[in-house]
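Asks: Full structure from sequences and hints, please.
Number of protein chains: 2
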Amino acid sequence: MSKGVTPKSENYSKWYTDVITKAELADYGPVKGTMVIRPYGYQLWEKLKDTLDKEFKKTGHINAYFPLFIPKSFLAKESEHVEGFAKECAIVTHSRLTHNEDKTDLIPDPESKLEEEIIVRPTSETVIWSMYRKWINSYRDLPILINQWANVVRWEMRTRLFLRTSEFLWQEGHTAHQTAKEAEEETLKILNIYESVVQNTLGIPVICGKKTEAEKFAGADDTYCIEAMMGDKRALQAGTSHYLGQNFAKAFDVKFQDIDNTEKYVYATSWGVSTRLLGALIMVHGDDKGLRLPPNIAPIQIVFVPIFKTEEDLLKIQNYLNQTMNYCKDNNITYYFDNRQKLSPGYKFNEWEMKGVPIRIEVGVRDMEKQNITLVRRDNSIKMIDNITLLTSKINDTLQDIQNNLFNNALDFQKQNTFQTHSYDEFKQLINKGAFIECGWDGDAQTEENIKNETNATIRCIPFTQSTQELQCIYTSKPAKFNVIFAKAY
Amino acid sequence: MSKGVTPKSENYSKWYTDVITKAELADYGPVKGTMVIRPYGYQLWEKLKDTLDKEFKKTGHINAYFPLFIPKSFLAKESEHVEGFAKECAIVTHSRLTHNEDKTDLIPDPESKLEEEIIVRPTSETVIWSMYRKWINSYRDLPILINQWANVVRWEMRTRLFLRTSEFLWQEGHTAHQTAKEAEEETLKILNIYESVVQNTLGIPVICGKKTEAEKFAGADDTYCIEAMMGDKRALQAGTSHYLGQNFAKAFDVKFQDIDNTEKYVYATSWGVSTRLLGALIMVHGDDKGLRLPPNIAPIQIVFVPIFKTEEDLLKIQNYLNQTMNYCKDNNITYYFDNRQKLSPGYKFNEWEMKGVPIRIEVGVRDMEKQNITLVRRDNSIKMIDNITLLTSKINDTLQDIQNNLFNNALDFQKQNTFQTHSYDEFKQLINKGAFIECGWDGDAQTEENIKNETNATIRCIPFTQSTQELQCIYTSKPAKFNVIFAKAY
Numbered sequence: 001m002s003k004g005v006t007p008k009s010e011n012y013s014k015w016y017t018d019v020i021t022k023a024e025l026a027d028y029g030p031v032k033g034t035m036v037i038r039p040y041g042y043q044l045w046e047k048l049k050d051t052l053d054k055e056f057k058k059t060g061h062i063n064a065y066f067p068l069f070i071p072k073s074f075l076a077k078e079s080e081h082v083e084g085f086a087k088e089c090a091i092v093t094h095s096r097l098t099h100n101e102d103k104t105d106l107i108p109d110p111e112s113k114l115e116e117e118i119i120v121r122p123t124s125e126t127v128i129w130s131m132y133r134k135w136i137n138s139y140r141d142l143p144i145l146i147n148q149w150a151n152v153v154r155w156e157m158r159t160r161l162f163l164r165t166s167e168f169l170w171q172e173g174h175t176a177h178q179t180a181k182e183a184e185e186e187t188l189k190i191l192n193i194y195e196s197v198v199q200n201t202l203g204i205p206v207i208c209g210k211k212t213e214a215e216k217f218a219g220a221d222d223t224y225c226i227e228a229m230m231g232d233k234r235a236l237q238a239g240t241s242h243y244l245g246q247n248f249a250k251a252f253d254v255k256f257q258d259i260d261n262t263e264k265y266v267y268a269t270s271w272g273v274s275t276r277l278l279g280a281l282i283m284v285h286g287d288d289k290g291l292r293l294p295p296n297i298a299p300i301q302i303v304f305v306p307i308f309k310t311e312e313d314l315l316k317i318q319n320y321l322n323q324t325m326n327y328c329k330d331n332n333i334t335y336y337f338d339n340r341q342k343l344s345p346g347y348k349f350n351e352w353e354m355k356g357v358p359i360r361i362e363v364g365v366r367d368m369e370k371q372n373i374t375l376v377r378r379d380n381s382i383k384m385i386d387n388i389t390l391l392t393s394k395i396n397d398t399l400q401d402i403q404n405n406l407f408n409n410a411l412d413f414q415k416q417n418t419f420q421t422h423s424y425d426e427f428k429q430l431i432n433k434g435a436f437i438e439c440g441w442d443g444d445a446q447t448e449e450n451i452k453n454e455t456n457a458t459i460r461c462i463p464f465t466q467s468t469q470e471l472q473c474i475y476t477s478k479p480a481k482f483n484v485i486f487a488k489a490y
Numbered sequence: 001m002s003k004g005v006t007p008k009s010e011n012y013s014k015w016y017t018d019v020i021t022k023a024e025l026a027d028y029g030p031v032k033g034t035m036v037i038r039p040y041g042y043q044l045w046e047k048l049k050d051t052l053d054k055e056f057k058k059t060g061h062i063n064a065y066f067p068l069f070i071p072k073s074f075l076a077k078e079s080e081h082v083e084g085f086a087k088e089c090a091i092v093t094h095s096r097l098t099h100n101e102d103k104t105d106l107i108p109d110p111e112s113k114l115e116e117e118i119i120v121r122p123t124s125e126t127v128i129w130s131m132y133r134k135w136i137n138s139y140r141d142l143p144i145l146i147n148q149w150a151n152v153v154r155w156e157m158r159t160r161l162f163l164r165t166s167e168f169l170w171q172e173g174h175t176a177h178q179t180a181k182e183a184e185e186e187t188l189k190i191l192n193i194y195e196s197v198v199q200n201t202l203g204i205p206v207i208c209g210k211k212t213e214a215e216k217f218a219g220a221d222d223t224y225c226i227e228a229m230m231g232d233k234r235a236l237q238a239g240t241s242h243y244l245g246q247n248f249a250k251a252f253d254v255k256f257q258d259i260d261n262t263e264k265y266v267y268a269t270s271w272g273v274s275t276r277l278l279g280a281l282i283m284v285h286g287d288d289k290g291l292r293l294p295p296n297i298a299p300i301q302i303v304f305v306p307i308f309k310t311e312e313d314l315l316k317i318q319n320y321l322n323q324t325m326n327y328c329k330d331n332n333i334t335y336y337f338d339n340r341q342k343l344s345p346g347y348k349f350n351e352w353e354m355k356g357v358p359i360r361i362e363v364g365v366r367d368m369e370k371q372n373i374t375l376v377r378r379d380n381s382i383k384m385i386d387n388i389t390l391l392t393s394k395i396n397d398t399l400q401d402i403q404n405n406l407f408n409n410a411l412d413f414q415k416q417n418t419f420q421t422h423s424y425d426e427f428k429q430l431i432n433k434g435a436f437i438e439c440g441w442d443g444d445a446q447t448e449e450n451i452k453n454e455t456n457a458t459i460r461c462i463p464f465t466q467s468t469q470e471l472q473c474i475y476t477s478k479p480a481k482f483n484v485i486f487a488k489a490y
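Heads up: the protein sequence lines correspond to chains A and B, in order. Letter by letter, the first sequence follows residues 1 to 490 of my numbering. Letter by letter, the second sequence follows residues 1 to 490 of my numbering.
These are calculated hints, taken from the structure and not from any lab test. Check the hints yourself; a few may be wrong.
[As the list claims (entries may be wrong)] Subject to a maximum C-alpha distance of 27 Å in a straight line, what follows is the list of computed DSS-like cross-link-like pairs (lysine-lysine):
1. Lys32(A) x Lys210(A)
2. Lys113(B) x Lys32(A)
3. Lys289(A) x Lys264(B)
4. Lys233(B) x Lys57(B)
5. Lys255(B) x Lys216(B)
6. Lys22(B) x Lys478(B)
7. Lys394(B) x Lys22(B)
8. Lys216(A) x Lys383(A)
9. Lys22(A) x Lys255(B)
10. Lys289(B) x Lys47(A)
11. Lys58(B) x Lys54(A)
12. Lys32(B) x Lys113(A)
13. Lys8(A) x Lys216(A)
14. Lys342(A) x Lys264(B)
15. Lys181(A) x Lys428(A)
16. Lys478(B) x Lys216(B)
17. Lys54(A) x Lys49(B)
18. Lys255(B) x Lys342(A)
19. Lys32(B) x Lys250(A)
20. Lys264(B) x Lys47(A)
21. Lys58(A) x Lys47(B)
22. Lys481(B) x Lys216(B)
23. Lys47(B) x Lys329(A)
24. Lys250(A) x Lys58(A)
25. Lys57(B) x Lys134(A)
26. Lys87(B) x Lys103(B)
27. Lys57(B) x Lys103(A)
28. Lys250(A) x Lys54(A)
29. Lys87(B) x Lys32(A)
30. Lys289(B) x Lys383(B)
Replies: Structure (structure tokens):
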């Protein structure tokens, strides 16, 4: 812990992994591509989960749980869906292990071979729509507003903790509606929740928009997304909300008797965010000392580090800090009093900086004599030494200020690295350095693909705010259909 | 919904499934052996989960998440463990689907065959101990008190919703300690939490004790359990807490440098409860009208059913009930105002009885005139008609009384059906009718097996409270080593 991380500027990818390892957020599992979320990382996920869950419930959603296992045949039902997921899935073929002939090893028992192979869910549309078929008969059964917190699996060999692992945790909402209009509204209502939670809790500024045909979810009519800029100026898709039209209803034959007595196919949405957001959290706010956590997501918001030589001094300091700790309790601020022996204050400072705790409060014997405490902000390293009662009373405001400051820093960074250009040459230069580029696109999938092949940049989204007047396509110079954001992406 | 369930007395097993289906707690998934937990059932799980999670956290535990996938070789590391789990597991052998030759079907791509097969976790001891090996070096790293909320898979072909499904949800705690004593204390501390939550929240009386060698967890030194009596007088293992000794530490070579500078193997525990508890909840409290939920677990504690003909009357009733609903809000009582049109009050009564809502409050125009409401208890069907202000003020006490009453009913039932006997003939008769039998056992595994083969009864536990003085073994008539509980079990 005392040793630092690889500097960001030297090797961004190594810096990222170092921070995760040293802050004890996650670790590699024994099977290639899998991840262990360690307690400190899991606390972040729990806090994010609770925040989202409350928002979902406030807007009428309810949780349920659907099976991990999907019959192979289901994946083939929605034709675009299979193309999207068949290439990267875990396939269960046997249900029992047995000893091999010479009893030196365990092998799948040939007699336990399954008649139909089973897929470990990469996402749950198919299994959920097979159930909705049973549950939906009449318009009275609609809407169904179900969310699920679950693990899903998509085969990955090039692991990156939180960003790309075979198994990850997420929530997936799956709703069924009477009308297209209602389903479309639902899609955007959820996008709004994602935007507000990611910005207000994680302090990550996002751009909201729509995906192009090439980038949308396999099986969706429209995919909406929130996109964020990471510290290396690459984009990360932070959440998606899909309007599925009647695609899954048709694939699974889910019809309802409408109020006018006619039979209709149901309209659908699906939407999700995952533990990937923790990867974004690290990349957006982290620095060369480690994590920097916005107070709204920090498991520990304040750490107290007593500076003491004797047990007696330690007790005095603890007593002295009573008023500050009581303030924390009264204001629902989570804190930790680090009274570990045999570790130097310097070691502790480094450790809590690595773990991104927003505020550190130091107290030594001399501070007590002067009725002072020292408060150090993790976001900007500013140190305040002042009267204990005075500084204590400012803690809530300081936490709020840290939350805002981290968000604003990230927003400034995003704005400073977002460029508008009409020149494809400049586009290529900027993309190579790392940037978001806002420019015109003629709406042609071929143009999009050419740009991707030539620069590795993709259209991250078509932002909701459009001003395409007199804009030309960056590639073909034809009149632009859309104003879009290009970037290299995770 | 309007139709009832199969009477308990007619067919207990059908009654059980009917209640689950009609109360919309769960449904069968498309893959044989899998289960869908529907929103109403999942709300029960969420409430139970929150209650347990708080208790775990209060006692210093913290959550983390370990991978779903376990290398096949891990299962073979702890020799007893493999025997316990190899016979019933889901084995992943391929990572990609492809089209067959004539493109009529999808098949596992032969080129994606895995070098080493992967097991979907039946429990996580092995994967967790492979990580603890990395994380534990010194006594300073101990104790580790980690819990995980997760899905696990044990192959099952004879599905029973909540009780026996291939995949189920559970929590599994895995702790590592410096000394045997500390680990043993942990095992019992957790058993205590299980006992108190199952009794106080679910209202299910349990018997605490230790498993015999034959019945303990594969890989444990000692298994402790809580056992409950279901409505058909069979036993259900409601939770287990295992003292693992150094078995997993040795299998995964997890040593630590102790304070005296010697290297030692770590001591371990593991413990879990699952969605199976919801099966117990249904079986212990349900009746021929459906579920009966103890208020502490009920997602909806009070349902208001207005009896109205016109929209105007409905509004008046809603206004009239304001004081009662405000009382609920102020007392954190969850309620639902059932203002659905076109459904008769009788239909609604049946539906909410089926769903086990503890209190129903009915109000019609005449009740309003008399300043009355009608309160009906689900536990004992008692109906109270009285002044609205008076009855409202009694709601909290009534809920508490329902909670106690359901627990006491179940405890009486358990006691009435628990017998002490010295005669093996009587034992066989009683076991056949359904009963818990408290009797002497000579401690011999062969005796235990003979009784199991002859009667299908197993030793559910060796209760903590022992009085074996002058007791003889029910089977061999030798002096009894233990006083034990026999029963047929789920």
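Asks: Which of the listed hints are broken here?
Replies: When the structure is compared with the hints, numbers 1, 3, 4, 6, 7, 8, 10, 13, 15, 20, 24, 25, 26, 27, 28 turn out to be violated.
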